Amino acid sequence: MKSLAELQQLRDQISQQVVLRKDREDGIRVVVGMATCGIAAGARPVMSAFLNEVSKRKLSDVTVTQTGCIGMCRLEPIVEIYMPGEEKVTYVKMNEEKVARIVAEHIINKKPVAEYTVGAVQE
Amino acid sequence: MNIYRSHVLICGGTGCTSSGSNKIHEEFDKLLAEKGLENEVKVVQTGCFGLCALGPIVVVYPEGAFYSLVKVEDVSEIVEEHLLKGRIVDRLLYREDEKSNEVKPLNEVTFYKKQMRIALRNCGVINPEDINEAIGVDAYQALGKVLTEMTPEQVIETILDSGLRGRGGAGFPTGLKWKFAAASKNDQKYVCCNADEGDPGAFMDRSVLEGDPHTVIEAMAIAGYAIGANQGYIYIRAEYPIAVRRLQIAIDQAKEYGLLGKGIFGTNFDFNLEIRLGAGAFVCGEETALMNSIEGNRGEPRPRPPFPAVKGLFAKPTILNNVETYANIPVIINKGVDWFKGIGTEKSKGTKVFALGGKIQNTGLVEVPMGTTLREIVEEIGGGCPNGKKFKAAQTGGPSGGCIPASLIDTEIDYDSLMSIGSMMGSGGLIVMDEDNCMVDIAKFFLEFTVDESCGKCVPCRVGTKRLLEMLEKITSGKATMEDLDKLEELCYVIKESALCGLGQTAPNPVLSTLQYFKDEYVAHVKDKVCPAGVCKALVNYHIDPEKCKGCSLCSRKCPANAITGEIKSPFVIDTDKCLKCGVCMEACKFDAIYKK
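Protein sequences, first through last, are from chains W and Y.
Going by the working numbering, 88 is the number at position 88 of the first sequence; the sequence numbering is gapless.
Going by the working numbering, 91 is the number at position 91 of the second sequence; the sequence numbering is gapless.
What the hints contain is simulated information worked out from the structure, not anything from laboratory work.
Be aware that a few hints might be false.
[Unchecked claim] Among the chain Y residues that face chain W by a calculated CB cut under 10 Å, a handful are:
id, residue
1, G144
2, G266
3, I275
[Unchecked claim] Okay, derived cross-link-like pairs now, BS3-like style, lysine-lysine, Cα gap no bigger than 27 Å in a straight line:
id, chain 1, residue 1, chain 2, residue 2
4, W, K22, Y, K71
5, Y, K145, W, K22
6, W, K88, Y, K104
7, W, K56, Y, K42
8, W, K56, Y, K35
9, Y, K341, Y, K179
10, Y, K42, W, K58
11, Y, K42, W, K22
All of these numbers come straight from a predicted model, not from anything done at the bench.
Even for Gly, the Cβ is constructed at its ideal location relative to N, Cα and C.
Produce the complete structure using the sequences and hints provided.
This is the structure:
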């Protein structure tokens with residue numbers, strides 16, 4: 001540690017991890033369905049992909065968490081994204097490629113990827 | 001860097017460690033690895049959460065699920081249900097009211113709602129054995145700011161202006177202490193930290209060192225820069241093994257990162273830190289005795305002046321501050337004087353950590369703004385006395401302090417208000433007493449402690465406290481006269497005025513304050529030969545109420561002295577000559593037929 005700038009850089013890097021331990025109500029929540037059906041359909045790589053994207057892009061206000069089965073097992077892996085003040089968006093039949101696009105378009109640019117949502121699939 | 005989706009924080013304070021939290025940690029590591037979750041879920045050992053009565057404590061984020069009284073057997077359920085399937089394990093969640101069964105978010109729970117954590121800000125948040133986590137919550141930022149943007153004078157001015165007062169007990173303005181030491185000209189100066197914490201029932205300093213050791217290291221370096229010292233010593237008692245170990249780890253890591261040592265942050269400021277272990281003598285918490293002990297001499301106080309700021313450790317100018325005082329410094333530098341001054345009362349700024357103990361529901365560590373009333377601490381945060389007993393008094397300041405009676409429960413607690421009612425802040429031990437405590441007995445307890453801990457150097461303390469104790473023993477055994485009470489009080493004042501150091505000067509305080517507020521209890525012991533609370537054995541006899549006794553013979557079978565006789569189905573009788581007054585019969589009786597009088 002040679003300089004204060006170096007310390008601040010390290011601080012910013014780590015605070016991204018530790019921020020998870022703050023009780024907060026704002027921020028974006030990515031919830032991955034991880035019941036047996038979800039895991040069998042490949043939810044775990046999807047969750048890892050989200051974690052990687054969040055880490056790579058230093059998105060400090062995003063938490064990735066998991067939940068149980070929401071009943072549409074045939075459409076797993078399912079991911080729901082909660083943005084403060086917005087309706088939740090449900091993405092279905094997720095895979096790792098879709099994750100990158102959702103993070104870029106939905107989480108960062110606030111435009112949900114309509115074609116991956118449950119509405120698009122069911123029509 | 002790996003980002004984890006969930007963090008499992010396990011309390012590694014002394015309280016939770018002794019109830020087995022490290023076994024829980026191992027179990028989590030094992031089960032997470034079995035489930036292949038070790039790259040998604042991070043397990044972190046932290047410092048104290050404060051709710052020691054309900055340990056071991058495990059908190060899972062991002063949900064903020066607060067699990068209390070966790071057992072090793074529960075871990076598999078938390079891993080299986082919560083971490084794998086995302087379902088919070090409801091039955092293990094902390095509930096403040098068992099009847100309503102309601103689970104509240106942590107910051108709305110009464111225990112935490114009124115608290116404001118400054119000194120304890122990182123306890124229960126970070127892993128104290130990992131400097132990276134400390135840096136992630138702003139550790140060493142204040143040191144960087146001080147070294148690159150401020151002059152030593154500005155640092156002292158800031159601390160002076162903040163109104164921070166010593167958290168070790170006496171409440172001396174910290175900035176003033178630094179100013180005096182800075183003004184002393186010398187080629188070598190020292191910065192010391194008092195982590196001796198000898199008051200019975202106080203454990204806030206231990207918890208800060210266990211939960212956030214880097215804040216103390218950082219603050220000591222800041223102090224070193226302010227007064228012109230390049231060497232620091234932390235004097236800590238050897239009975240705090242976890243704190244000592246974590247502190248040593250923290251010092252080593254800080255050295256490795258170049259945050260201690262030569263040319264910190266590329267400036268020409270050098271600072272080194274060493275630990276000195278104390279053997280647990282109470283007198284070594286007194287500043288001159290502490291310095292003697294660091295030097296390798298007998299831990300005995302010496303007269304002041306000269307004050308340590310002029311002639312301290314190794315006869316060089318020295319400042320000595322308490323752990324909690326240091327823990328406030330980096331925050332004051334980071335957040336500014338105005339922020340700090342906005343908290344607390346007119347003459348006592350900031351917060352104070354109290355170790356709640358005795359007859360209280362939520363035993364543990366709480367930090368509240370100065371000026372919080374005793375009622376808020378005892379009844380709201382502390383949850384009141386257990387078993388619906390009536391609050392009688394609170395003892396603050398340990399053996400140097402005094403009792404606050406129930407009639408003064410609305411006192412706003414700060415340095416000056418406590419002083420004005422005959423107690424003192426002390427290091428922050430707060431022992432709660434209910435109607436079953438005898439105040440004379442309490443005074444006796446503290447005197448026994450000071451008699452034991454007196455170093456023996458000066459006569460008023462060595463002989464005086466011994467005589468005080470003997471008088472108290474005479475009172476509790478029912479042999480004292482009213483003249484003895486007058487003598488007792490007189491001796492108290494003599495010791496206060498003539499003892500060499502703080503230990504002796506404050507030793508009579510527990511007697512004086514109980515005399516002030518509970519004189520009737522003393523008089524009852526002396527005149528009526530009774531102990532109103534039924535504590536003092538010599539004045540209490542056990543009896544069986546023949547109306548209530550069913551003649552079951554249980555008490556008679558339990559009695560170790562065979563003092564209870566009678567025939568089945570008719571009332572039994574206690575032979576008071578044989579009775580040892582152990583109380584076993586009273587506990588055993590299912591009909592509440594045994595009473596003390």
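Going through the hints against the structure:
1. At its closest, the beta carbon of G144 of chain Y sits 4 Å from a beta carbon of chain W; the interface hint therefore holds under the 10 Å criterion.
2. Given the 10 Å rule on beta carbons, the hint for G266 of chain Y holds: about 5 Å separates it from the nearest Cβ of chain W.
3. At a threshold of 10 Å, the smallest CB-CB gap from I275 of chain Y to chain W is about 22 Å, leaving the interface hint violated.
4. A hinted pair counts as satisfied when its Cα atoms are at most 27 Å apart, and K22 of chain W with K71 of chain Y qualifies at roughly 25 Å.
5. A hinted pair counts as satisfied when its Cα atoms are at most 27 Å apart, and K145 of chain Y with K22 of chain W qualifies at roughly 25 Å.
6. With a CA separation close to 24 Å, the supplied pair K88 of chain W and K104 of chain Y stays within the 27 Å bound.
7. Between K56 of chain W and K42 of chain Y the alpha-carbon distance is near 18 Å, which keeps this suggested pair within the 27 Å criterion.
8. Restraint check for K56 of chain W and K35 of chain Y: the C-alpha separation of about 25 Å stays at or below 27 Å, so the hint holds.
9. Distance restraint check for K341 of chain Y and K179 of chain Y: the Cα-Cα separation of roughly 19 Å lies within the 27 Å cut-off, and the hinted pair is therefore satisfied.
10. The hinted pair formed by K42 of chain Y and K58 of chain W meets the criterion: a straight-line CA distance of about 18 Å does not exceed 27 Å.
11. This hinted pair checks out: K42 of chain Y and K22 of chain W have alpha carbons roughly 15 Å apart, not beyond 27 Å.
Violated hints amount to a single one, hint 3; each of the other numbered hints is respected by the structure.
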